[in-house]
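Whole structure, please, built from the sequences with the hints as guidance.
As you go down the protein sequences, you meet chains L and Y in turn. So that you can map any letter, position 92 of the first sequence is 92 in this note's numbering, and since no number is skipped, the others follow by simple counting. To convert, take the position in the second sequence, counting from 1, and add 179; that gives this note's numbering.
These aren't lab readings, by the way, just hints derived from the structure by calculation. For every residue, glycine included, the Cβ atom is placed at its ideal position computed from N, Cα and C. Some hints could be false.
Said to hold, decoys possible - So, partial list: chain L residues that the calculated Cβ filter (under 10 Å) puts toward chain Y: (1) N3; (2) T16; (3) I18; (4) N20; (5) K24; (6) G31; (7) P35; (8) E37; (9) P38; (10) S39; (11) K57; (12) R59; (13) F84; (14) M87; (15) P108; (16) S138.
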Amino acid sequence: MDNEEVEFIAENELITIIPNFQYKTFYLIGGDIGPFEPSVPTQVPLWLAVHFRQRQKCRIECPSWISVEKLEEIMNNEKSSELFTQMPNAHYMEITNVLLNCAPQDIPRADEVKTLIKDIWDLRIAKLRSSMNEFIKSESLHAKVNNLTLLEINTVRNLLTKTLKELHNLKQHVPVTDE
Amino acid sequence: MHTVRYAHCEGYTDVCLAENGKFLTTGEDGDVRIWNGFDDLDSTSIRVGDKCYAIAYKSGKIYVADEMNELKRYDFETNELLGVITSFTLPITSIAINKSNTHLVCGSSDFEIHLVDLNTLKFTSFSGHDAPILSVTFDPLEKYFVSTSCDGTAKFWSMSNLNNCKTLNNLHPKSNDFIDSKSRGKLAWHKDGGLIAVPCEKDIHFYERETWLLKFKINLKNDGNPSEEFNASIISFSPDGKYVLACTNTQMVYVHSIINKSLLYKYSYTKKSPICSLVWEKNEILFCDIKGNMGQIKPTIKDDISDNSSSSETKKSSKKNDENLEMDDLLNLLDSDEKSNDSTDLKKSRDSLKEPNKKRKRLNDDDEDEENNHKNVSNKSKNSSKKINDDDDDDIPLTLDDEDENDDFESLEKLKEKTYNSVKNEIMTMDDNMSENNEEKIDEEIELSEKKKEELFKEFSNIQPAFQSSSTPLALLERFMCWNSIGLITQFCTEGDESIDIEFHNASFHHTIHIKNQFGYTMADVSKEAVVLASPGSKIEEELEVNSVLSSSLSSQSKLTVILLNSLDTTKEWNIDMLKKEYIKCVCVSRNLVACCTSRKFLRVFGLAGTQKEIIVLPGVPICLSAYDNCIFVAYNSSNCTTGYSIYYTDSAHEAEHGILPLSENAKIEWLGFSDEGNPYVYDSNGYLHSKLWSVSKTKVWSPVSNLRSTLSHKTDNYWIVGVAERNQMIKAVLCRASRYPQVLPRPTLTTLQFALPLIDADSEKTQLEMTFWKNQHFKNGMKNYICSSGNLDMDQDDIDEKVENFENSAREALMKLFMLACKSNKEQRAYEIATIMDLDALQLAIKYSTKTRALVLAQNLNILAEKKAEIEYQKEKQLIEENEKRNNYLTERNENQENNLSTMRSQIDETNGIIFEKVTQSTTQKTLNNSTKITDSDSQDIEIEETTRTPTIPSNTPRLNPFAKTGASARFNTPSNDSPKSILNQIEEKLTKSSNKEKDTWKPTPTRKLTKSKLSGTPGNGIGSFFNK
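Spelled out as structure tokens, the structure:
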């Protein structure tokens, strides 16, 4: 599984748009979407929102957690906490990324949001790396980490699992000298 | 004779007097300082908060407003916090306490005023201002209080009935924030309570108690720099009531005698920071400026209170000043004073109030008196031109709008030029002020001048001014002029760039229109066909037109502009000017018409392309207007202090409807308009949305649809209604947190609210089902009206049919569930009652259900009911068929005639087509013309087809089925939803068959059972079923 796939999954998240066209409800396997009334907020999957936005068919209503104040608060919590804190959305990174790419105009203070999201991401990845380091050094057999998002897990998954496997192999082949 | 010292850190600073010569100040450092005197080096400080905005003192208690937007009470002696009195959502800007220490009033930046009972700490909230409150002041007689606001208004409120009794407009330039305001708006009440001094631009205006009429005014002038722009900011009476002090935003302090209005003392504050608060105690004036400095002035008034020796400069006043004047004497004096200045034909007396009314009435009706006045003045000025300057005559020409006044004006001008160059400027500015002030009054008085005094005041207190639905206040720099289901219109008033943006929700419909607001439009509306803009017109501009060179470009009259969105030709816009002195109050536009209400109570209707159509005189002063297709819905203040409405159908398909608007108690209209389906709705300030949709005995009645306020979590939140759409079952609104209006930027988002009829016991299952039923009935009705009313639909007929069917099915389903609920709880009478509302199909199911649950008595009764209903329906249909036959006969005859006519017409059209074709073959415009004629051609065909097809389809539209045939019922309920009555019934049936099989044998064939059985399995031609086979 690579990051594109994670993003693909994230695009199924619902997001509010304000359409500037009129259209009937359409029925998809995933569920019914619409009806669309001009200026009336409607919930659609992110992929559809992006599609409409690119065709100038709607304005994207920014989710409430994509605001500088809220993100600053989240970052401060993350900084002060030893453990991982709960993110406002399980796909926070993917959603902001997609939105910042397709509709930066619809996000107030988009630049600051971008740096904040990046900071939070870096903070969490750094935390994850250090805890991994600790985990491997301590030679524990298992560890439990809460509140990780899919994308975060995915970034370390390949490395971590392979490393552990290699370590395991090495351990089996190196004779125990001490005892 | 002044000194300045540091009191607080930089920022807004307030000062108030305490007892024993002590006084209090507070500022942005959040401290309250108690000073023993101006020179006190060791003042006591009380820490209140981070910032303090206002302070007041009364009998040993200090009242301070802090940055938490709370009003706190402290003990003066111990400096202890005694508690919080009241709180707002934005900083409190002004506090006042009445003499007897029972009530406190305070105003805040959130536009609200609270009147707090100091014993119980209960408060009453007053809203009416459209901008932050600047100041509040109590009447010394404790009957009224007055508030001023950044929107340039002052409002007088009655403490007894909590009403707004009078509003003064345009006192100072509008501003958005209380800190930025050019004027502090601090007015003063004379200690006897009879006279109120109001700062108004460059004047002090004196109003009389109860009548709230302008008695006289004092002009402030800066001799050094006559052209300087300034505003009177703070007014204060001297403690003995003989002098009036005015402080301007240019740091000038003037002291005038109110007896002869002469300037006694002038002081210029050397620091460049405006004075923001001021108190006058004994012979010293204490003030604070916006930089936190505190100053003291000891005015050297020649006939000072301390030394009564009269000086040569103020001989006139000094004699009278020696006596301790009573208010009556004072006013008599004023009158006599005025009389001497006034033209001779205006005899005023203080006791008769009619006189000033009359005077102004004449002033409005025609300006002859004005002219006389004017001439007199000019004559007088010839004789004693010096006097004008001396006495600041307050009745120098108010308006100069009649053409034949030009001569007079010129003569006057010459004179003035000869005598004093500066006088001219002053008078001009005074005129401006005067007329601006009077504008509102004049409008109101066109309708009210005839009425007696009491009635007049009653009217004033209850009248709601005209407004546009879904618009935000005029005082804002960026505002919504209109927001409806088609688009939104925004007005920007930033200096140098006044513009209007017209945006459409549906981007494919029309591109955004951006226009320069050169005519000062303030009202707008948009429909699918056109945009209408209107300017209120103003007296000031009218004067300018006469006076100045600019005249031609500025329009004095109220102007109406319509921009067509789909025009046949290239002219997309037309303008029309209202008659002189007729001002537009509100406008609306629909797909078929443009309408506006004017100050003359006229409802003027125009065709979209500018044809003048109906002129209707409204029964009252218009408040709000809305249009849909050919209907116009207008609300007005009717004479008996209620709000009336009228619905006019300009296509004469219906009769006009009139009545009283169903507003809840003490409520004002917040929004009024048609739903997208064309049903009238009104939303009042208590949060109730009413619709006129339900029929009770053939007449439509108002009924509440929703109480939106009940869904709000916080008291200060509000919904700002934008529209209602029955087809989507929603109310479109903008949620405004802690305000009544949304801001333009960032663009607010709509909230869609559900209809929630105010039924009792909303949580119970029964009520919820009832709610579903009535809601769906409501939508169904709404849609039906829509189908009836609109010719060219913006929805497919299939969609509408589908929607209506959905609503019908949901309603039927809810009713069925209700019936079953009643049956389950053994309430057969209620079940029967529910059944009476059902239609025949549902009733059949109900009979089935009741027989299966063995509620046999009920089943029997239902059967009888069904028979009755079936008979009624049969009769109806019989009539219909008969009528149709008649009509068919008639129509076939007519069609034959028409066909003949049409064939001749067609040949004519063909001929003309041919001519046109010949004529315009070379030109490029040929296509369009040919198309247009083709359109008319096909139109006539359409009509013909419609008429012929429509009539026979009426019976087939309502397919009639034997209500007792099984197939009939199941055929009707072919809805896709799982919860349809059919499926529920099937489930129930399944269950029931299991249980009933056991007991079946024990059942004795009672007559009822027989009856039901025969009906249920009834073959056509049996029993009542035979009705339908005739």
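Do the hints match the structure? See the list:
no., hint, result
1, N3, "violated (32 Å)"
2, T16, "holds (8 Å)"
3, I18, "holds (6 Å)"
4, N20, "holds (4 Å)"
5, K24, "holds (7 Å)"
6, G31, "violated (16 Å)"
7, P35, "holds (7 Å)"
8, E37, "holds (6 Å)"
9, P38, "holds (3 Å)"
10, S39, "holds (4 Å)"
11, K57, "holds (7 Å)"
12, R59, "holds (8 Å)"
13, F84, "violated (32 Å)"
14, M87, "violated (24 Å)"
15, P108, "holds (6 Å)"
16, S138, "violated (49 Å)"
The structure shown violates the earlier hints numbered 1, 6, 13, 14, 16.
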